[in-house]
Amino acid sequence: MSTDAEIVAPGIGLPEGGDADESQTFWQQALGNVKSGNLGVLPVVVGEILIVAYFSFTATNFFTASNFVNVILQMAGVTMIAFGVVFVLLIAEIDLSIGFLSGIAALTAAELQLPDGQNWPGWACILAALAVVAVIGAAQGTFVAKVGVPSFVVTLAGLLIWQGVILKVLQVRGVIIIEEDWINKTATYYFSATVSWIIAAVVTGLYVLGVLAGVVGKRRAGLEIRPLPIIARVVGVAVLAFGVVAVCTHATKPAACPEGTPLTVNCTQPLGLPLAAVLMLVFLVALTYLAKRTSFGRHVYAVGGNAEAARRAGINVARVRILVFTISGIMAGVGGIVLAARLQSVNLNVGGGTLLLDSISAAVIGGVSLFGGRGEVRGALLGSLIIATIANGLNIGGYSTGTIYVVTGVILLAAVTLDTIARRLQERAGR
Amino acid sequence: MFARLSRSFLEGPTLVSDTPLLEIRDLSKTFGSVQALTDVDFEVRSGEVMALVGDNGAGKSTLIKCIAGIHGYDSGTILFNGDEVHIHGPKDSARLGIEVVYQDLALCDNLDVVQNMYLGREARDFLFRLKEPVMEQHTVETLKGLRVTTIRSIRQAVATLSGGQRQSVAVARAVMWNSKLVILDEPTAALGVAQTEQVLELVRRLADQGLAVVLISHNLHDIFETATRITVLRLGRNVGIYERAATTQQEVVQAITAGIPTKVAGIAASAPEVVS
Chain H
1 MSTDAEIVAP GIGLPEGGDA DESQTFWQQA LGNVKSGNLG VLPVVVGEIL IVAYFSFTAT
61 NFFTASNFVN VILQMAGVTM IAFGVVFVLL IAEIDLSIGF LSGIAALTAA ELQLPDGQNW
121 PGWACILAAL AVVAVIGAAQ GTFVAKVGVP SFVVTLAGLL IWQGVILKVL QVRGVIIIEE
181 DWINKTATYY FSATVSWIIA AVVTGLYVLG VLAGVVGKRR AGLEIRPLPI IARVVGVAVL
241 AFGVVAVCTH ATKPAACPEG TPLTVNCTQP LGLPLAAVLM LVFLVALTYL AKRTSFGRHV
301 YAVGGNAEAA RRAGINVARV RILVFTISGI MAGVGGIVLA ARLQSVNLNV GGGTLLLDSI
361 SAAVIGGVSL FGGRGEVRGA LLGSLIIATI ANGLNIGGYS TGTIYVVTGV ILLAAVTLDT
421 IARRLQERAG R
Chain G
1 MFARLSRSFL EGPTLVSDTP LLEIRDLSKT FGSVQALTDV DFEVRSGEVM ALVGDNGAGK
61 STLIKCIAGI HGYDSGTILF NGDEVHIHGP KDSARLGIEV VYQDLALCDN LDVVQNMYLG
121 REARDFLFRL KEPVMEQHTV ETLKGLRVTT IRSIRQAVAT LSGGQRQSVA VARAVMWNSK
181 LVILDEPTAA LGVAQTEQVL ELVRRLADQG LAVVLISHNL HDIFETATRI TVLRLGRNVG
241 IYERAATTQQ EVVQAITAGI PTKVAGIAAS APEVVS
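These protein sequence lines map, in sequence, to chains H and G.
Take 1 as the starting number for the first sequence in my numbering and just add one per residue.
Take 1 as the starting number for the second sequence in my numbering and just add one per residue.
Do not rely on the hints blindly, as some may be mistaken.
[What the hints assert, rightly or not] No more than 27 Å apart at the CA atoms, straight line, and that leaves these computed lysine-lysine pairs for DSSO-like:
#1 H:Lys-218 <-> G:Lys-91
#2 G:Lys-131 <-> H:Lys-146
#3 G:Lys-180 <-> G:Lys-131
#4 H:Lys-146 <-> G:Lys-180
#5 G:Lys-131 <-> G:Lys-91
#6 G:Lys-131 <-> H:Lys-292
#7 G:Lys-144 <-> H:Lys-218
These are computed hints drawn from the structure, not numbers from a lab.
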């Protein structure tokens, strides 16, 4: 333990504050973060690499471009829902209704597109479905924020209610086929190779522009700029964007052969970057912006960290809570539509199964604390990637659903244990 | 009397060393059948540290909560800069430039120093985007202005700060908003010796910079080290106002434990006719 006298530093992080050896301070900072339990996304990324490595050696057909695209499509729905979970967990609440809310959104969109029914255009179906779950989310949030009913109870009631509604609506027909193109494309459309590469370039370019704008702003304010981490991040984003596109453009799916092809040849058709991947990226960026760059996001973290302090600072805590449950509802709806589009139908199981638990697990595995105030939107993406990779790998390896549940459960426990230990370390590193 | 009047007319409202910044007259407050404050007078001038002392239940916290707009008051007059004001809520007092640093700090542990300094009042542009560089720069300037130099990085979470550093952040936050009056509720209650010294120094610096400071404390040693004057409350009534330089700890203790309620002459009569 150092005393106060020892940690007197000149100038509180001012430019002249003696940052001669930048790389060293960067690494020291990183090391300090790890020591104080501020692990960030490190364990998730390492975990994912280990899981991919394991399945690559044990399961044939796992480490292929086509299966990579498969994983993206499998994770898309859960990722969208988990994005909403992040916000709920950040204010130290829980939303158990998201599974069946996603079902409600899918059901609404499916009902509205029926050619012998409303026959609405696809975009209108999607917007209407999202509006419905937004209203439901806001209503549930109002019970939590204004009436003071614990969110666990409110959303548990929601879980039952919306499951009941789905069963009642679908009990006659059993299944609704979705024929609307707009809806189905959210999970089945692939960009051509050229467009895919352009998307990678645009993503990288926009990221560089964003970083530059930040640097200019900081320089104008006369604040210190550390080039090393910035360059590392830009390179990382570029490698990731082009890497994903490179793999996706090499993926193929079986296709009907042109006439005259010998029967021994397996005909395939090239795929590209799935629209679902772009949708995930769009929501990732938009929600990260909301959480990290806007005052609303700041207030979300503040409410999760110390609701009383937030209230005294003049933040409308009830409004923040209601908006967060609204976001949770909307994102559940987005996920539900993507999931329904994959099946191109809505049936009695919609929104059920392990969807709820997978979504919450994804956020928690991704490092979002259940105690509130700690975590990032990208954690949901990473956690969902881990869950999808495990399910995919075990499936290909021929393991049963039971094994998948057991392994996912163990990973979840490990993730939460890590979070708890990290928290304790952080407290110790604190006062 | 006349000399003082003309001088304040000549030099405008910036000269407030004689006119109290905040003046309270005959403030009474009841909670149901409990009379918490009875005809309390209180004043604080710019550039001075006014200590507010009294035993538990003397009405210190009730008085500052009335000033901060957390409680309403039953009767009495509040003058700010000589003008009568009505404080009905925390926003009213904030608009006047009154900031309170509460005992339990009201900081968010998971947010960093800058985020806490701007909590609820973030600088943002038309896209609701936070102006981080502006906030960062202003935070650095404020902390530097208060000579708070022990914080390594303003981007570290408040959870990692020591008690004294946290208190410094809370005080700096109160000062940053062009506040004219800062009320500190037991700022050193949970601190060690070195950190207490650090915070008391900060309190003195606030007064040196021309702010009016109200310091609530149980620790007479701290008070005699920082305060300019000392107001003593007992059982919800005034028992005296003492010049720090002209009194002793013993006298103040005597007043706290056994003081006889007095309406202190001179305060009630001093300034009412000055401002129309």
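Status of each hint after checking the structure:
no., hint, verdict
1, H:Lys-218 <-> G:Lys-91, "violated, 32 Å"
2, G:Lys-131 <-> H:Lys-146, "violated, 31 Å"
3, G:Lys-180 <-> G:Lys-131, "holds, 25 Å"
4, H:Lys-146 <-> G:Lys-180, "violated, 35 Å"
5, G:Lys-131 <-> G:Lys-91, "holds, 24 Å"
6, G:Lys-131 <-> H:Lys-292, "holds, 12 Å"
7, G:Lys-144 <-> H:Lys-218, "holds, 19 Å"
Checked against the numbered hints above, the structure violates hints 1, 2, 4; every other hint is satisfied.
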